[in-house]
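Trainee: Quick note, the sequence shown lines up with residues -1 to 246 if you use my numbering.
Rather than coming from a laboratory, the hints here were simulated on the basis of the structure. Every residue, glycine too, gets a C-beta built ideally from N, C-alpha and C. Watch out, some of these pointers could steer you wrong.
To be verified - In the DSS-like style, the derived pairs of lysine-lysine whose C-alpha atoms are separated by at most 30 Å in a straight line are:
{"hint": "1", "residue 1": "109", "residue 2": "192"}
{"hint": "2", "residue 1": "109", "residue 2": "122"}
{"hint": "3", "residue 1": "192", "residue 2": "231"}
{"hint": "4", "residue 1": "109", "residue 2": "180"}
{"hint": "5", "residue 1": "98", "residue 2": "109"}
{"hint": "6", "residue 1": "233", "residue 2": "98"}
{"hint": "7", "residue 1": "122", "residue 2": "192"}
{"hint": "8", "residue 1": "224", "residue 2": "98"}
Said to hold, decoys possible - The calculated label-pair distances, taken between Cβ atoms and stated as ranges, are:
{"hint": "9", "residue 1": "42", "residue 2": "67", "range": "39 to 45 Å"}
{"hint": "10", "residue 1": "106", "residue 2": "234", "range": "54 to 60 Å"}
{"hint": "11", "residue 1": "192", "residue 2": "159", "range": "36 to 42 Å"}
{"hint": "12", "residue 1": "54", "residue 2": "108", "range": "37 to 43 Å"}
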Amino acid sequence: MVLHKKKLIAAALWLVILAGCSQSPSIQRETAPSIQAESMQDAAESERLGTQWGDDVDSEIITVDLSRTSDNPLQEMQVSYADKNYQGRAVNSMSLLAGKVEFSVHTDNGKLPLYRDAGNYYLKGMAGQAYRLVYHNNSANTYEIVASVDGLNVINGSAASRYDNGYVLRPNDDLVIEGFRKSQSAVASFIFSKPDNAYAANTSSGSIENTGVIGTVIYELYDPSKPKHEQAKAKAYPADKGYAKPPQ
């Protein structure tokens, strides 16, 4: 897993990879559901896009040791993308975990609109355009973001699994994922491309059939910096504190 910490220098990010993190193998916002069946907005062959291995971007990482509070993710979602004029309501960001986490896609010219239709989300891109995934934590909780692009884990480039290690999203902080991790100090930036030029189509771990999709899985993490409090039990009769009091 990976913790992100922003450094105020252009194209420079500081990240933290987690080891042993799992206990087992005008802005509008919209609530994103779990992955659902595709609608009729499938891209034509000429409109399809993938993401190629782009320019080198500075991104330092360090290893930390955190663990998930559960083997089951809190939420998962996916966004389909293509060079297509999608139908539906255009929004600037998606609200995950009932607003605790906000997801958006950025370029050097600002946010790309997301289109919601029948519970599915779509993103219009253009070949040659660089982009980055941005997650903002509106809560006091610590989360793990397991992100995939074109069916590949963005950290190690392997075929993505929901149970892979991911990036850490600290309370009230931002996580910016700019590309596929290529070393301890750099990533290869995400750049929209034709499917034949996509990283997934040119690595043994990927498949051109999986191009055009961005995935996110979210886990909650134990944060050792926070004191552990025993969860209060729900009370059916919270006003009962013994026998009736005598009249006054």
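Trainee: Which hint numbers does the structure go against, in order from smallest to largest?
Mentor: 3, 11, 12
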